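Participant: Protein chains in written order, with the numbering used here: chain A, 571 to 859; chain B, 571 to 859.
If you are wondering where the hints come from, they were derived from the structure by calculation, not from laboratory data.
Please note that a few of the clues may not be correct.
As the list claims (entries may be wrong) - Pulled a few chain B residues facing chain A out of the computed Cβ check, cut under 7 angstroms: (1) Ala688; (2) Ser707; (3) Ala716.
Unchecked claim - Per the computed footprint, the stretches of chain B lying under chain A, defined by three or more beta-carbons under 8 angstroms from a beta-carbon of chain A, are: (4) 573 to 587; (5) 599 to 607.
Claimed, not checked - A partial selection of chain A residues facing chain B, derived with a Cβ cut-off under 7 angstroms: (6) Val683; (7) Ala698; (8) Arg713; (9) Ala716; (10) Ser721; (11) Gly726; (12) Met816; (13) Thr817.
All values derive from a computational prediction rather than experimental measurement.
A virtual CB, placed ideally from N, CA and C, is assigned to each residue, including glycine.
2 protein chains.
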Amino acid sequence: MQPDLEVFVQTHRPAVERALDEVLPAEDVAPAVLHRAMRYAVFSGGKRLRPLLCLAMCEAVGGAAAAACRPAAAVELLHTYTLVHDDLPCMDDDEERRGRPTVHVVFGEANAVLAGDALQALAFEAAAGTVAPAGRSAGDFVRELAVAAGSRGVVGGQVEDLAAPGTTDLAAIRFIHRRKTAALFRAATGLGALAGGAPDDALAAAHRFGDALGMAFQIVDDLLDDEPPGGPPGAGRRETTCLAAMTPDEARAAAGDYVAEARQALSRFAADRVRPLTAISEFVTQRRH
Amino acid sequence: MQPDLEVFVQTHRPAVERALDEVLPAEDVAPAVLHRAMRYAVFSGGKRLRPLLCLAMCEAVGGAAAAACRPAAAVELLHTYTLVHDDLPCMDDDEERRGRPTVHVVFGEANAVLAGDALQALAFEAAAGTVAPAGRSAGDFVRELAVAAGSRGVVGGQVEDLAAPGTTDLAAIRFIHRRKTAALFRAATGLGALAGGAPDDALAAAHRFGDALGMAFQIVDDLLDDEPPGGPPGAGRRETTCLAAMTPDEARAAAGDYVAEARQALSRFAADRVRPLTAISEFVTQRRH
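Given the sequences, and given the hints that come with them, work out the whole structure.
Facilitator: Shown next, in the form of structure tokens:
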């Protein structure tokens, strides 16, 4: 990890963890099994990439990162619920995530559906609890998240992914990845910009950055997941991959183009404020897992 | 149906249907199968009891019903998603609802999970789109709905319901029914009061009304569902019923007590403005289906 990014992560990640811990009911609140399942899903060693992007974008537009902690937690809760539901037997049927048994394996299928449902509701509760800067309302934060989360965003992408397994049509692949992955990156950076008091043109730049970075992230994911057909045993359904439509070299070039597009969007902001975002965009393309 | 209630329903139900139609993406928006599933679930002949309660409470506190159409739609979308998920094979495993095949039977299990997920996101998008009266923000509407929907509300109730099948402990039964049913009635009337510009004490009275009416509604549901053990073939899992802890006569008396409590809460409002709410509370206890 780049020194710039390491400092940023060490400074801000504890605040993300704290915000998540604050909004999640304690494990002994009834129904305890539900709150245990929710916390099991959220505190599972994730990189917190989306909330850190939210905080970094808030700083890039001139805000204090602390102002974005609540929406950052909201994005992570939303992301976590989608993972819990994606892993379900009727979806990708994954039994492991990040080296641990998935939520439905530990808590049962019904509780996994319900823990996901409750995490989604909690994400919106957290977004609505944001103290909005002048000219914005809490409703703006909720709408930003809801549009990314709903049928024209993450859920729509997953429906298309399930409907078109192994598609080789690049337009279809992009449709899926823009919704399934990039929509939430876009919401993360949009929420950070909103929290930092960005005017509309800076919000638009934050959206362009998040969208392009999300597309790059997904291509790198596809490259890292590239395995013989069928994948390792017990690894669940094979998701849509850009490698069905391009060679690894073409994919690496496409990821580079998206990162360049993301960097270009950052030119809207003060150069001394975008270093963490630049470092995150480098991390996204150079990561090995 | 009482004449007062019939006039109210005929006047306001079209506005509820219109608000739902406006917020739901059209069936030809991609992914079409998802938007078809969402509309199949929402337009399925429901009574629209919760949105009508929302509109009636808005009028009771002195607002115009039109101001509550957006949050009323939000409550119905939220309610609809919970039905779609409750019907899933891993939950109540119901193949029919209101005389039609359930969403997972028509669209498949994965699409039913995802249609429910998207309906929940859309509910919060609709709530966030409310034009808040002076002194309230769109965030207040979202929080009202999110708390009712989440792990301390509807989802928590369903988890306990699944964990304690056939419980005969009245406290456990009330815990479940307060969350699974009354929480959303309470949110419906709370949102109506918020939309109508109610001050805090009127909002509290709206909450008391919704909570008590929801508890009465659930008891009547249990009485109407009262069938020989096991129920009719193919009717899915038997849910928690108050008749496991009391006789039908005791249940009818308890429902009457809750309705009296609800009526008492209405004394906070102008008598000429609560007639639709009074009529709905009569309908709830006297209904035959």
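Participant: Could you run down the list of hints and mark each one as holding or not?
Facilitator: So, going through the hints one by one against the coordinates:
no., hint, result
1, Ala688, "4 angstroms, holds"
2, Ser707, "5 angstroms, holds"
3, Ala716, "4 angstroms, holds"
4, 573 to 587, "violated (count 0)"
5, 599 to 607, "holds (count 6)"
6, Val683, "6 angstroms, holds"
7, Ala698, "4 angstroms, holds"
8, Arg713, "5 angstroms, holds"
9, Ala716, "4 angstroms, holds"
10, Ser721, "4 angstroms, holds"
11, Gly726, "5 angstroms, holds"
12, Met816, "23 angstroms, violated"
13, Thr817, "28 angstroms, violated"
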